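Asker: Here are the chains, one letter per residue:
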Amino acid sequence: MNALTPITAHTGRAVALRRDQVDTDQIIPASFCKRLTKSGYADALFAGWRKDPGFVLDRPEHAGATVLVAARNFGTGSSREHAVWALRDGGFAAVIASSFGDIFRRNAWRNGLLAVELPEEAVAALADAAEADPGFTVTIDLAGLTVTAGGDRWEFTANERQRRLLMEGLDEIAVTLAEDEAITAYESARHDWLPAAGPRTTPARSRARL
Amino acid sequence: MSAPRTLIDKVWDGHVVRRRADDPDLIYIDLHLVHEASSPQAFDGLRGTGRRVRRPDLTLALEDHNVPTDSLTIADAMGREQVETLRRNCAEHGITVYSLGDGRQGIVHVVAPERGLVQPGTTVVCGDSHTSTHGAFGALAFGVGTGDVEHVLATQTMPLARPRTMAVEFAGALPPDVTAKDLMLAVIAQIGANGANGHVIEYRGAAIEGLTMEGRMTLCNLSVEAGARAGMIAPDEVTYRYLKGRPDAPSGDAWDRAERHWRTLPTDEGARFDRTVTVDAASLAPFVTWGTNPGQAVPVDSAVPDPEAFADEADRAAAERALAYMDLAPGTPMRSIAVDTVFIGSCTNGRIEDLRAAADVMRGRKVADGVTALVVPGSMAVRRAAEEEGLHEVFAAAGAQWRLSGCSMCLGMNADRLVGPRRCASTSNRNYEGRQGDRARTHLVSPAVAAATAVTGRLTPPAGLR
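Chains A and B, in that order, are what the protein sequence lines are.
Every position in the first sequence, counted from 1, becomes a number in our numbering once 6 is added.
Every position in the second sequence, counted from 1, becomes a number in our numbering once 74 is added.
Worth flagging that the hints you see were computed from the coordinates, not collected in a lab.
Keep in mind the model is a prediction, meaning the values are calculated, not measured.
Incorrect hints may appear among the rest.
What the hints assert, rightly or not - Restraint ranges, calculated between C-beta atoms of paired labels, are given here:
(1) S410(B) / S45(A): 43 to 51 Å
(2) R170(A) / R161(B): 33 to 41 Å
(3) G97(A) / R437(B): 53 to 61 Å
(4) S194(A) / R540(B): 53 to 61 Å
(5) D434(B) / L176(A): 50 to 58 Å
(6) E174(A) / D434(B): 57 to 65 Å
(7) V90(B) / T43(A): 33 to 41 Å
(8) T14(A) / T286(B): 50 to 58 Å
Every residue, glycine too, gets a C-beta built ideally from N, C-alpha and C.
All chains, please: the whole structure from these sequences, using the hints.
Answerer: Below, the structure is given as structure tokens:
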């Protein structure tokens with residue numbers, strides 16, 4: 007993956023999707039995962055639910071919202087990173103929920119989609135506000151690890167490494183490749199009976215380019 | 075004497091490439107499984123940066139998500155292109171690929187274990203959430219996104235925060251007709267579809283020791299449906315018997331050295347888990363889902379729950395929404411629910427023991443009128459083994475379809491897909507809205523319940539036929 011543009015904060019209008027357990031099959035059905043690209047998934051986002059003409063994300067007053075306020079266990083299910091690409095291509099820069107599927111959260115941060123976990127009461131308050139006022143705006147600050155909106159302020163935690171990568175716009179693979187010496191040392195001490203899927207090969211080393 | 079450690083701790087500690095304060099551990103990956111649907115963008119990323127696959131020898135690719143199960147030709151142009159892209163990428167990087175038409179082809183999580191590639195104490199990743207399957211061998215195995223696929227291809231490592239540990243202790247022995255599938259549906263119903271978020275589970279207790287490797291794989295496979303990063307079971311004699319003699323398992327002197335190491339892996343007496351959950355195995359019955367997440371499950375002999383009975387407001391709303399989608403009314407006996415499709419297969423329940431259990435129920439019986447039953451072996455090796463035992467004849471005589479191997483009707487990505495508001499008893503892993511096809515309604519069940527349901531046309535435990 008190439009280096010990203012550094013992200014330090016995001017401010018945008020919020021829209022609430024008040025459903026628990028929004029799984030990645032809802033975020034993007036498997037039939038859209040046949041594509042070979044990392045972008046161009048806007049049409050796939052919530053494709054099943056979008057058949058309902060009243061679906062909240064399609065209401066004109068929420069057009070242009072960039073912060074999705076979800077509920078419990080958002081992004082549960084499949085490991086498909088397409089779910090993150092679809093949210094991003096659909097215009098979202100952040101998802102605030104009371105919990106996330108583990109794989110989804112990791113995928114989200116890697117792609118610069120801020121998956122922010124807040125207590126249930128905070129998420130409910132944000133959802134209420136976004137429903138009452140489509141212009142309701144939320145700010146997520148990565149440096150201070152805070153969410154501010156409508157005069158309220160909440161703190162959140164993040165995986166330190168992922169936060170640093172994002173704020174500095176670093177390519178994670180390049181960072182790991184800088185550890186080549188440690189990886190090679192580990193490899194030379196591995197047990198000889200460990201499995202191999204093909205003929206043994208000498209490690210192919212890529213240059214660490216930060 | 076060092077402090078007692080869990081199986082999870084031991085495998086983790088044995089794979090730390092680099093540890094540093096205030097940074098996640100860099101963990102070495104022993105085996106990387108790749109399939110066509112989650113890898114094309116990862117290989118593109120390598121090309122774009124001029125990087126190479128560090129260890130093609132520790133990487134195995136399979137074609138499973140897009141493949142048809144009634145032909146060796148992929149009719150769908152996009153699916154075909156994805157499979158052909160995998161073949162080109164593997165050829166470019168020297169990665170072994172078991173392609174459609176190869177006798178070793180099948181679902182990635184069925185093939186890797188049956189080849190003997192998954193060994194106790196190893197780390198396994200794949201761009202697929204059901205990679206948790208391989209924890210059955212005492213491996214630390216978990217699903218990752220495409221960005222991590224690229225990271226592992228390039229570095230054979232992953233920077234990972236140490237997970238929390240959870241013991242799921244099964245008390246008592248399993249009653250008859252209660253399978254690993256029922257056990258895990260009961261666990262998820264008890265703790266919820268996010269009950270194990272952030273944790274790696276170790277399954278423990280006599281009920282686990284009594285399971286075959288196939289049953290253990292079903293159990294660990296479904297760990298992710300409880301939100302767990304991974305699920306693990308300590309290796310024992312059952313594990314060693316399963317592995318010995320498999321094509322990619324160690325042999326001779328290497329086996330002896332490996333086994334000596336494997337025997338050091340089980341959790342030490344007195345080791346602490348961050349959390350412990352106890353499940354009364356002896357009180358369980360065959361389970362079936364009524365809703366649209368795997369935690370919405372009840373014993374098949376009970377009824378569709380009333381959303382009003384849920385104390386939590388969000389649970390109540392989720393139940394109402396699920397029942398509307400499933401077109402079910404509260405109080406309806408589960409056994410009165412009629413299905414039009416039965417799917418037996420997937421990485422959860424597509425192994426030889428699963429097919430034997432289904433065949434035992436179907437033997438001498440017929441699939442009910444109006445029901446389409448698909449039996450899809452999880453690999454071509456499973457298919458051959460089943461045919462050697464004559465299972466395919468049992469299914470054919472019953473009127474069920476006998477297919478080639480692949481992910482099939484588990485996920486609505488290939489030609490095996492439900493069209494319209496069909497209702498399916500499925501041995502797969504997810505009952506999400508639209509998972510098996512647009513508007514499809516899924517009831518997750520064990521292979522024995524699926525087979526009995528095929529015979530009666532209504533959700534039925536095997537005891538219902540006796």
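Asker: Compare the structure with each hint and give your call.
Answerer: Each hint, compared with the structure:
| no. | hint | verdict |
| --- | --- | --- |
| 1 | S410(B) / S45(A): 43 to 51 Å | 48 Å, holds |
| 2 | R170(A) / R161(B): 33 to 41 Å | 38 Å, holds |
| 3 | G97(A) / R437(B): 53 to 61 Å | 56 Å, holds |
| 4 | S194(A) / R540(B): 53 to 61 Å | 60 Å, holds |
| 5 | D434(B) / L176(A): 50 to 58 Å | 56 Å, holds |
| 6 | E174(A) / D434(B): 57 to 65 Å | 59 Å, holds |
| 7 | V90(B) / T43(A): 33 to 41 Å | 35 Å, holds |
| 8 | T14(A) / T286(B): 50 to 58 Å | 53 Å, holds |
Hint check: no violations occur; every hint is consistent with the structure.
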